[in-house]
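There are 2 protein chains.
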Amino acid sequence: MQLRTGAASVVRTGLGLTQSRCAVQSLTVVPLERRIRQSKALYHNTKKNDSAWAAAVSVAGNIVNNAVTKAIKGTDGLPTIDPLRLVAGEMKFLTGNIRKLLGSGHPSLDRAAKYYTQAEGKHVRPLIVLLMSRATALCPKAPQRQQSTLQASAAIDTSISPLNILSDFNPSDATPVSIPADTDILPSQRRLAEITELIHTASLLHDDVIDHSESRRGAPSANLEFGNKMAVLAGDFLLGRASVALARLRHAEVVELLATVIANLVEGEFMQLKNTARDEKNPKWSEETLTYYLQKTYLKTASLISKSCRASALLGGADAATVDAAYLYGKNLGLAFQLVDDMLDYTRSEKELGKPAGADLELGLATAPLLFAWKTMPELGPLVGRKFEKEGDAARARELVLQSNGIEQTRALAQDYAEKAIEAISGFPDSEAKDGLIEMAVKTLKRNK
Amino acid sequence: MQLRTGAASVVRTGLGLTQSRCAVQSLTVVPLERRIRQSKALYHNTKKNDSAWAAAVSVAGNIVNNAVTKAIKGTDGLPTIDPLRLVAGEMKFLTGNIRKLLGSGHPSLDRAAKYYTQAEGKHVRPLIVLLMSRATALCPKAPQRQQSTLQASAAIDTSISPLNILSDFNPSDATPVSIPADTDILPSQRRLAEITELIHTASLLHDDVIDHSESRRGAPSANLEFGNKMAVLAGDFLLGRASVALARLRHAEVVELLATVIANLVEGEFMQLKNTARDEKNPKWSEETLTYYLQKTYLKTASLISKSCRASALLGGADAATVDAAYLYGKNLGLAFQLVDDMLDYTRSEKELGKPAGADLELGLATAPLLFAWKTMPELGPLVGRKFEKEGDAARARELVLQSNGIEQTRALAQDYAEKAIEAISGFPDSEAKDGLIEMAVKTLKRNK
Numbered sequence: 417m418q419l420r421t422g423a424a425s426v427v428r429t430g431l432g433l434t435q436s437r438c439a440v441q442s443l444t445v446v447p448l449e450r451r452i453r454q455s456k457a458l459y460h461n462t463k464k465n466d467s468a469w470a471a472a473v474s475v476a477g478n479i480v481n482n483a484v485t486k487a488i489k490g491t492d493g494l495p496t497i498d499p500l501r502l503v504a505g506e507m508k509f510l511t512g513n514i515r516k517l518l519g520s521g522h523p524s525l526d527r528a529a530k531y532y533t534q535a536e537g538k539h540v541r542p543l544i545v546l547l548m549s550r551a552t553a554l555c556p557k558a559p560q561r562q563q564s565t566l567q568a569s570a571a572i573d574t575s576i577s578p579l580n581i582l583s584d585f586n587p588s589d590a591t592p593v594s595i596p597a598d599t600d601i602l603p604s605q606r607r608l609a610e611i612t613e614l615i616h617t618a619s620l621l622h623d624d625v626i627d628h629s630e631s632r633r634g635a636p637s638a639n640l641e642f643g644n645k646m647a648v649l650a651g652d653f654l655l656g657r658a659s660v661a662l663a664r665l666r667h668a669e670v671v672e673l674l675a676t677v678i679a680n681l682v683e684g685e686f687m688q689l690k691n692t693a694r695d696e697k698n699p700k701w702s703e704e705t706l707t708y709y710l711q712k713t714y715l716k717t718a719s720l721i722s723k724s725c726r727a728s729a730l731l732g733g734a735d736a737a738t739v740d741a742a743y744l745y746g747k748n749l750g751l752a753f754q755l756v757d758d759m760l761d762y763t764r765s766e767k768e769l770g771k772p773a774g775a776d777l778e779l780g781l782a783t784a785p786l787l788f789a790w791k792t793m794p795e796l797g798p799l800v801g802r803k804f805e806k807e808g809d810a811a812r813a814r815e816l817v818l819q820s821n822g823i824e825q826t827r828a829l830a831q832d833y834a835e836k837a838i839e840a841i842s843g844f845p846d847s848e849a850k851d852g853l854i855e856m857a858v859k860t861l862k863r864n865k
Numbered sequence: 417m418q419l420r421t422g423a424a425s426v427v428r429t430g431l432g433l434t435q436s437r438c439a440v441q442s443l444t445v446v447p448l449e450r451r452i453r454q455s456k457a458l459y460h461n462t463k464k465n466d467s468a469w470a471a472a473v474s475v476a477g478n479i480v481n482n483a484v485t486k487a488i489k490g491t492d493g494l495p496t497i498d499p500l501r502l503v504a505g506e507m508k509f510l511t512g513n514i515r516k517l518l519g520s521g522h523p524s525l526d527r528a529a530k531y532y533t534q535a536e537g538k539h540v541r542p543l544i545v546l547l548m549s550r551a552t553a554l555c556p557k558a559p560q561r562q563q564s565t566l567q568a569s570a571a572i573d574t575s576i577s578p579l580n581i582l583s584d585f586n587p588s589d590a591t592p593v594s595i596p597a598d599t600d601i602l603p604s605q606r607r608l609a610e611i612t613e614l615i616h617t618a619s620l621l622h623d624d625v626i627d628h629s630e631s632r633r634g635a636p637s638a639n640l641e642f643g644n645k646m647a648v649l650a651g652d653f654l655l656g657r658a659s660v661a662l663a664r665l666r667h668a669e670v671v672e673l674l675a676t677v678i679a680n681l682v683e684g685e686f687m688q689l690k691n692t693a694r695d696e697k698n699p700k701w702s703e704e705t706l707t708y709y710l711q712k713t714y715l716k717t718a719s720l721i722s723k724s725c726r727a728s729a730l731l732g733g734a735d736a737a738t739v740d741a742a743y744l745y746g747k748n749l750g751l752a753f754q755l756v757d758d759m760l761d762y763t764r765s766e767k768e769l770g771k772p773a774g775a776d777l778e779l780g781l782a783t784a785p786l787l788f789a790w791k792t793m794p795e796l797g798p799l800v801g802r803k804f805e806k807e808g809d810a811a812r813a814r815e816l817v818l819q820s821n822g823i824e825q826t827r828a829l830a831q832d833y834a835e836k837a838i839e840a841i842s843g844f845p846d847s848e849a850k851d852g853l854i855e856m857a858v859k860t861l862k863r864n865k
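Protein sequence lines, in the order shown, are assigned to chains A and B. Under this note's numbering, the first residue of the first sequence carries the number 417, and numbering increases by one thereafter. Under this note's numbering, the first residue of the second sequence carries the number 417, and numbering increases by one thereafter.
Hints are computed from structural coordinates only; laboratory data are not their basis. One or more of the hints may lead you astray.
As the list makes no split between identical chains, a pair holds if one copy fits it or if it spans any two.
Heads up, simulated DSS-like pairs for lysine-lysine below, C-alpha to C-alpha not over 30 Å straight-line [unchecked claim]: (1) K697 / K530; (2) K803 / K645; (3) K516 / K791; (4) K697 / K645; (5) K538 / K791; (6) K803 / K530.
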């Protein structure tokens with residue numbers, strides 16, 4: 417199968433630092449200087465001579481020869497695996513189960529809270545959690561964790577305190593719509609998938625208020641439809657119900673991971689209010705600019721994906737190496753995902769995206785393509801500093817970025833992260849779910865909306 | 417001591433349904449028909465002939481003879497106990513510890529997140545949690561709960577996952593400023609007190625955005641000072657850090673209780689957007705109106721106090737009867753507290769309150785004094801329906817309420833709840849902390865701002 421071959425070739429050229437010890441295959445690991453440079457931490461304390469920037473630039477020239485590119489080109493003509501098909505039985509009932517978690521005695525609170533569950537979202541986060549749950553089911557277990565895992569799965573729909581004490585009325589029938597009997601996904605992992613979507617949706621509700629967004633998934637945004645007041649409340653309600661569902665997993669480590677995501681999302685959104693750490697009026701390009709952007713991107717996008725991957729492995733009772741590998745997969749995939757998102761904002765039309773194109777510049781945001789362009793085009797500095805607010809700023813910045821190699825560099829960096837994601841789980845035993853995770857990384861680069 | 421006598425006399429006239437089994441004193445319990453009526457659930461499925469309204473009216477005539485009134489009048493001239501003094505060592509460092517929980521690498525996020533910790537708030541919620549922790553320390557323990565309790569107290573400052581995975585940077589020194597060595601309050605209970613204040617403050621931040629409030633504690637509101645955007649983000653950040661701190665208590669039941677508070681607060685705030693369940697344009701007075709108001713009040717005010725009292729007893733490893741008693745104390749105190757708050761909005765001037773008086777009517781809210789007045793003054797219906805929006809509505813409603821017995825009825829109902837709070841903990845062994853809790857109930861009725 418195409419992807420298996422592709423994935424293996426990525427691994428063989430890799431340093432393997434991030435490999436899980438749950439390896440079944442024996443791999444020839446060839447350490448390469450290039451890979452070492454890239455493997456070091458890309459943000460927090462990035463040093464001048466061993467930096468995110470250097471790593472990003474260095475990968476740009478190597479695109480044609482690597483596995484992900486081959487997979488994208490589909491050179492051998494074999495059909496690719498569909499990750500969604502692998503967990504279709506679970507995904508089919510996802511939205512229904514999420515809506516059940518959001519029931520209340522108030523029809524208009526219901527409407528606002530469930531609004532963003534109506535349009536068919538991509539559900540990328542739950543999909544990844546479910547695939548990771550299946551893929552790690554085959555990995556070695558940490559014996560001491562088994563008990564808490566079993567406990568977590570047994571009681572996720574049962575409150576710990578009496579219901580009359582909790583006073584959190586939910587008229588929805590608590591029994592999940594359907595539990596496929598032949599699956600290796602635990603009820604707690606399925607609930608985790610639902611929780612990730614709740615947290616993500618809560619952040620969309622609040623972000624749309626903060627950004628004064630007018631549309632989302634081809635429909636009016638919640639703040640436009642219900643007003644800021646209801647959108648803030650609905651977001652809080654989703655966070656509240658997500659926290660309650662999380663508590664009922666009865667797994668302190670998992671609760672801490674997902675609770676931290678909430679703080680991370682805020683810090684990321686906060687960082688995004690500025691384009692540079694010091695928010696100068698006339699900033700000069702520096703490597704710290706990219707570091708700041710990547711840290712923001714981790715917090716705002718990769719934190720939820722990485723921590724829910726980690727939590728999925730923990731709930732399955734996986735050993736420490738598998739837990740770490742799951743985290744690294746999610747972190748790198750999340751970074752790749754956002755880089756592609758930021759690239760598409762420059763390369764695709766509004767019609768293709770299903771949302772306004774060039775929206776980032778309109779919002780005043782300097783994302784990866786612009787940051788790469790800025791290095792060779794210092795005239796972008798003042799525009800970044802004033803957040804593209806002057807008339808014509810956004811159009812001019814867009815033009816300069818498209819003239820530069822910013823798009824290409826962004827794509828190369830995204831590809832590098834996607835490779836790292838695949839590399840992280842290279843030691844997992846062969847399975848369709850593992851192939852699905854690899855395909856998720858490949859699709860992240862291929863997607864055009 | 418005055419309060420001990422007062423408390424005992426309240427109990428002797430009570431039904432004792434809510435008494436903790438951790439009773440040390442042997443009490444003569446005299447069931448009274450009046451008390452039975454009041455003891456039944458005041459909201460959710462209230463029946464016509466056994467209703468909140470009937471109970472509220474029935475207590476109005478009995479004010480002069482009961483214990484709380486005696487305590488307020490201070491007839492024997494003895495000094496009352498100061499609840500704050502009993503946990504002064506803990507309270508002294510509360511704000512400092514809360515600010516430590518809110519550290520981040522971003523000065524302007526820090527400023528917004530810590531803004532409401534600057535002005536000296538009353539810190540009612542942490543004070544109650546600390547008093548409850550001390551009072552329940554003397555109660556019988558639930559043996560099977562001991563282990564999780566010890567675990568909770570040992571590690572509250574230690575993350576469960578590695579810090580580099582969590583990526584939730586907090587530059588504050590993690591060690592608490594000071595831990596009084598001679599206290600019977602556990603570190604986990606102290607942290608719980610801090611968490612209650614974080615959740616309360618987060619709800620203030622979001623409520624002020626929703627209500628377009630302009631001032632808070634004699635200073636500009638956070639939304640006015642930093643803008644809606646930052647106020648929403650700061651509130652979310654507080655919720656995130658509160659959830660992380662909560663997870664580190666490593667006590668699933670406590671996590672569920674406090675997570676549920678977040679959902680409760682939203683539901684309460686949502687209910688407050690309407691004055692009646694069906695939000696009619698020209699509503700008629702009915703008992704359901706009061707039921708709706710009391711349910712809203714539980715969710716918005718009493719939920720946090722009651723559930724944190726319960727959590728405090730759980731963290732201390734108390735037995736089931738003590739845990740239930742702690743909850744009932746908090747629930748009844750919370751209801752009394754909000755009723756008095758709603759009464760003061762009619763009876764005190766802006767100068768006395770330190771915030772705009774009559775603010776509730778300006779916000780369109782029909783609170784207890786108005787609901788009681790409305791029963792005998794049907795002309796208030798249309799004003800309630802249009803949320804006092806027409807010019808002169810608020811002034812006219814205020815005048816009608818002051819002419820009615822609405823204030824008196826509200827005070828009587830608050831007093832009834834305060835008595836129930838005292839009754840709930842009547843079985844606790846004698847202690848200064850228990851006296852402090854009783855005094856908190858008495859002070860709730862005496863306070864004038």
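Verification of the hints:
1. With identical chains, the CA atoms of K697 and K530 are at most 30 Å apart between copies only, with a shortest distance of 27 Å across copies and 41 Å within one.
2. In this assembly of identical chains, the alpha carbons of K803 and K645 lie at most 30 Å apart whether taken from the same copy (27 Å) or from different copies (17 Å).
3. Proximity of K516 to K791 under the C-alpha cut-off of 30 Å is found in neither arrangement, the shortest distances being 49 Å within a copy and 38 Å between copies.
4. In the homo-oligomer, the alpha carbons of K697 and K645 lie at most 30 Å apart only across protomers (21 Å), although the nearest pairing inside one protomer, at 33 Å, exceeds that limit.
5. In this assembly of identical chains, K538 and K791 lie within 30 Å of each other by CA distance neither inside one copy nor across copies; the values are 34 Å within and 53 Å between.
6. For the identical chains of this complex, K803 and K530 are inter-copy neighbours only, at 27 Å across copies versus 34 Å inside a copy, given an alpha-carbon limit of 30 Å.
In this structure, the hints that do not hold are numbers 3 and 5, in rising order.
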